[in-house]
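There are 2 protein chains.
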Amino acid sequence: MKVKLLQIALITFVTGGLCFVQAQQSTIKEDFKPSTVNQPGQEYPMVNSQGYARFKIIAPAADSVRVSLGLGGRGGTKLSKAADGSWMGTTDGPMDEGFHYYNVNIDGGKFNDPGTLNFYGSVRWESGIEIPAHDQDFYALKNVPHGQVQQVLFPSPSTGTSRRAFVYTPPGYEKGKDKYPVLYLQHGWGEDETAWSNQGHANLIMDNLIADGKIKPFLIVMTYGMTNEVKFGKIREFSIVPFQTVLVDELIPYIDANFRTLATKDKRAMAGLSMGGMETKQITLNKPEVFSYYGLLSGGLYTPADIKDKSKVKHIFLSCGSKERPEGVQKAGEELKAAGINVTTYISEGTAHEFQTWRRSLYQMAPLLFK
Amino acid sequence: MKVKLLQIALITFVTGGLCFVQAQQSTIKEDFKPSTVNQPGQEYPMVNSQGYARFKIIAPAADSVRVSLGLGGRGGTKLSKAADGSWMGTTDGPMDEGFHYYNVNIDGGKFNDPGTLNFYGSVRWESGIEIPAHDQDFYALKNVPHGQVQQVLFPSPSTGTSRRAFVYTPPGYEKGKDKYPVLYLQHGWGEDETAWSNQGHANLIMDNLIADGKIKPFLIVMTYGMTNEVKFGKIREFSIVPFQTVLVDELIPYIDANFRTLATKDKRAMAGLSMGGMETKQITLNKPEVFSYYGLLSGGLYTPADIKDKSKVKHIFLSCGSKERPEGVQKAGEELKAAGINVTTYISEGTAHEFQTWRRSLYQMAPLLFK
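Going down the list, the sequences are from chains A and B.
In this text, residue positions in the first sequence follow our numbering: the first is 3, and each later residue adds one.
In this text, residue positions in the second sequence follow our numbering: the first is 3, and each later residue adds one.
Which copy? The list can't say, so a pair holds if one copy fits it or any two copies do.
Using 30 Å as the maximum straight-line C-alpha spacing, the simulated BS3-like pairs for lysine-lysine come out as follows:
1) Lys373 to Lys316
2) Lys216 to Lys177
3) Lys289 to Lys177
4) Lys310 to Lys236
5) Lys310 to Lys267
6) Lys218 to Lys177
Rather than coming from a laboratory, the hints here were simulated on the basis of the structure.
Because the structure is a prediction, the values reported are computed rather than measured.
Chain A on its own, in the form it takes in the complex (with noise of 0.2 Å):
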């Protein structure tokens, strides 16, 4: 059984991948801005209003430049010597909107373009662009009050060291009094802890929702899912035992002991992307004594089948970009729901497999939480 589930979560986190917008557009306008995770002072990359993306990169005695964006990934962006000494270049269609990772190709070897923040993903920290967004105000940096992202260093007896997990608090957590419910959220494949933060403004996207009044205040957990351990091509050999110990042996603990949780089964719950999405399926229905909200993004899907009592799970939330397979998503949601299980849907129009599906993912699900 386990196998199978395996086998499903696999083809929804392999057919993503870097997607250009499909209607190509005739005339580049000249209306470019530096990305918006571009280290400071840094002009490029570059993008403009329709989402092209403009490279600069100094290295005047290269023989070859390229960046791994564009053209779906068949070869990216060839960047071209100019009069100066530096290699540009600008993607041949608009990118999907949203947060890309890239790299750039120096004579052969794989580096990163100085311009940008990196961002650790395909286990390694990469460059990363920022596509501006028709719905960015939700993840945007506002004048609203601030949680915090704290840096824990937590006790790890069955991997013999201290691990590092993030938490973010809501605003007023540190002079308040009130307990919170806790989600679990993790990473993809290739990630670590730091992805929700840096990548997924997880932590933005609370505090819009909280200021807002959309949700009641919850803490996030992240920390890293040991998903790198296996290589990409070798995630059937993957085998969650550890992971679930750290997560449910210890760090929960160790969370319930540190912060003011309501720590209790109710008021738990784990979600993942990609590959977090499938350990998040996993550990639930392993542990379904430890949580009561599941979410899978970009992650697999649950059967009425995988649940064994109905009444131990308050409700599902599966997700995807409509790039990638979104009927599976509601297939699954319509049988979850025939069968009496409380279960949200949620597909991101216009994205793949990558982090502005599951910005948006958090954006639904968190109002549903904790009910």
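Based on these hints, arrange chain B on the given structure of chain A.
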């Protein structure tokens, strides 16, 4: 007066740089191990027990690959093409103990080593390498209770945005009721609010000091000192006013409102490294009613004439590396002592204007604060 002080500070922080230990060793021991700040799973760069660093860069079609570390900054280390098409090279001498920034020049362009984590320095995210130090235990991740490093976003009307700070809270803070003193701790030019945690391990230094019973716990607040608004050569033109406003009028009230602090002058310290020391000096002298403990780490000196009212200063800490200008620190210490001011000086043996000096300085300074 202010101009003269600036000059002293400037001299102090341009005399540093990456230095080799004097004694050249005749044979290179082949006991190289991956640097501890490599990206997960990356073998290179490596360091040996003598302090040599060895680099490996993949760029098969490049004509020239050079690493900025080596020969005291005069050209760094030129890598040679190996049989497998990679570029390899070893520094021509052992490097100072501790952390060093570096970058890789590929055919005339400045990139990061894909093998290492990135650290913000020189106004860019740079590669970093860690040379094992004989005293590294004091900043090691050990099996002791760990405090937390929290990211806060505080409102800053004077700059029209939310600004980021990191706050170290000691073990037990979350569930406790105690109030704590606060150290405001500044980075140097080219760095930002991430430096003291990432490069400095300030949190681990505190955890270890607390576990050993050597200090009473306090909070550390680290924010961006707006140092990089001026180019390195133009530091003389830097105005302290914008940052002083952010720190004193915005950040301190926010911290006192949102954390359990002892919000009095006697329980507040400010210290900084390099240009952060210059800022510390100016702000502590401009605002004697705000701070009682002052620390300049390779960041200028106080003279007795600077201190208008001795009764307002509980303790001054001055430090630098033995490869900087230790005689200046020692002389300033003697003059302040002779003038009846409570002062401690510290010289970090065998280190230059780099983070090992400042890690050690924090370790020496922390027990002196808030007595």
